[in-house]
Amino acid sequence: MQPQTKEQKVDYRPLGISGLGGWLVLVQIGLYLTMIMVLIQLFQYSLTALNPVTWQILTSDQSSFYHPWWGAIIIFEVTYNVLFFIFSIVTLVMFYRKKSVFPRLMIIFYSISLAVSIIDYLLLLQIPIARELEDGSGLTGIVRLVITCAIWIPYFIKSERVRNTFIR
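In the UniProt record's numbering, the protein residues as written are 1 to 168.
Don't take every hint at face value.
[Said to hold, decoys possible] Calculated pairs, SDA-like style, for lysine to any residue (alpha carbon to alpha carbon, straight line, at most 25 Å): (1) Lys158 to Gly19; (2) Lys99 to Leu58; (3) Lys98 to Phe84; (4) Lys98 to Val78; (5) Lys98 to Ile167; (6) Lys99 to Glu160; (7) Lys98 to Ile118; (8) Lys98 to Leu47; (9) Lys158 to Leu31; (10) Lys98 to Ile29; (11) Lys158 to Ala130; (12) Lys99 to Val25; (13) Lys99 to Val27; (14) Lys99 to Leu83; (15) Lys98 to Leu20.
Honestly, the hints are just simulated from the structure, not real lab data.
Starting from the given sequences, assemble the full structure and let the hints guide the process.
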């Protein structure tokens, strides 16, 4: 057995709290709920809007519901929901595998959710009928996401459990 040199020193300090418990249980539940909500959004709203009859009503300049932004917004929402569902699955797999990339993925996850919600809200406000139907729930959702980001992003940056579970 060779003596250890300064470069070979091993850190024997205990990890402290680690593992997928604690507040990370809420993160796990949140990822599953996000996947469920995205699927509901896709099947109840986004894919319904792609139905040929609905698409024609919203995107034909002969229709009283027509607005040039409808097509782009529908495609944007469908694309986002499909990609975000896939991203949620990848993030969940990284969570269970305890990969070091997971904290960054969660920061991206929350940031993208907020950014896309703001963009979607602002785009919908450009359509008069959508603006009239806005009941404040869009803005409430954005405020909720801002609070979520304000809580969870610092958690993933500062948490000892996150550092010990995914970084070390």
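We went through each hint and held it up to the structure:
Simply put, lysine 158 and glycine 19 have alpha-carbon atoms about 16 Å apart, close enough for the 25 Å limit, and the pair holds. A threshold of 25 Å between alpha carbons decides the hint, and for lysine 99 with leucine 58 the separation of about 44 Å lies outside it, so the pair is violated. Our distance criterion of 25 Å between C-alpha atoms is met by lysine 98 and phenylalanine 84, whose separation comes to about 20 Å. Of the pairs offered as hints, the one joining lysine 98 and valine 78 is violated, with about 30 Å between alpha carbons and a cut-off of 25 Å exceeded.
For the hint pairing lysine 98 with isoleucine 167, the CA-to-CA distance comes to about 9 Å; that is within 25 Å, so the pair holds. Proposed proximity of lysine 99 and glutamate 160 is supported: the alpha carbons are some 15 Å apart, at most 25 Å. Distance hint between lysine 98 and isoleucine 118 is unfulfilled; the C-alpha atoms sit about 31 Å from each other, more than 25 Å. Between the alpha carbons of lysine 98 and leucine 47 the distance comes to roughly 34 Å, so the proposed pair goes past 25 Å and is violated.
This hinted pair checks out: lysine 158 and leucine 31 have alpha carbons roughly 20 Å apart, not beyond 25 Å. Distance restraint check for lysine 98 and isoleucine 29: the Cα-Cα separation of roughly 16 Å lies within the 25 Å cut-off, and the hinted pair is therefore satisfied. About 40 Å separates the Cα atoms of lysine 158 and alanine 130, which puts this hinted pair outside 25 Å; it is violated. The hinted pair formed by lysine 99 and valine 25 meets the criterion: a straight-line CA distance of about 16 Å does not exceed 25 Å.
At roughly 15 Å between alpha-carbon atoms, lysine 99 and valine 27 fall within 25 Å of each other, so this suggested pair holds. Taking the CA atoms of lysine 99 and leucine 83, the gap is about 21 Å. The hint holds against a cut of 25 Å. For the hint linking lysine 98 to leucine 20, the alpha-carbon distance of about 8 Å falls within 25 Å, and the restraint holds.
Violated hints, listed in ascending order, are 2, 4, 7, 8 and 11; each of the other numbered hints is respected by the structure.
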